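Asks: Sequence:
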Amino acid sequence: MSTASPTPQLTAGVCQNLGKFEIVVSHYRRVNAMNVIVDLCVVPLGVGVSVGQYVAACQKVLAEAGLKHTMHAYGTNIEGDWDEVFAAVKACHEAVHALGAPRITSSMRFGTRTDRPQTMEEKVKSVETWLENS
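Residue 3 is where the sequence shown starts when you use our numbering, and the numbers rise one by one after that.
Each hint should be verified, as a subset may be incorrect.
Said to hold, decoys possible - Each computed PhoX-like pair below joins lysine-lysine, with the alpha-carbon atoms no more than 20 Å apart: (1) K70 x K125; (2) K92 x K62; (3) K125 x K62; (4) K127 x K92.
These aren't lab readings, by the way, just hints derived from the structure by calculation. This one's a predicted model, so the numbers in the text were calculated from it and none came from an experiment.
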């Protein structure tokens with residue numbers, strides 16, 4: 003007879019055997035929307051050294067999703083609802099694969115706040131203000 007506890011299950015929004023984690027998950031399920039700011043870098047592999055057309059495809063996906071986004075030299079900042087942003091990240095991968103990229107490697111950094119809303123511009127302006135006053 004095994005003494006191991008059963009594997010935790012997360013099915014249809016129901017947590018079983020998760021202890022304290024169950025409380026955290028239950029709490030966050032009640033949140034209607036969570037905004038996120040993401041820094042996304044999508045790199046197609048097996049397509050040669052020029053990746054501009056693949057980056058452009060991802061930019062079109064983000065624009066069509068209606069998400070606020072800013073492209074920079076090594077990626078794109080995206081701001082919006084958590085579910086919408088991560089659905090768009092998936093759609094970016096689908097678009098890049100549809101152009102013939104057999105593999106994609108992506109890196110993401112993302113952050114959320116619960117104390118107050120904050121935009122990408124506000125984050126940048128905060129640092130610029132510190133620079134001006136130092």
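Asks: Give a verdict on every hint.
Replies: To see whether the hints hold, each was checked on the structure:
{"no.": "1", "hint": "K70 x K125", "in the structure": "holds (14 Å)"}
{"no.": "2", "hint": "K92 x K62", "in the structure": "holds (13 Å)"}
{"no.": "3", "hint": "K125 x K62", "in the structure": "violated (25 Å)"}
{"no.": "4", "hint": "K127 x K92", "in the structure": "violated (30 Å)"}
Consistency note: the structure conflicts with the earlier hints numbered 3 and 4.
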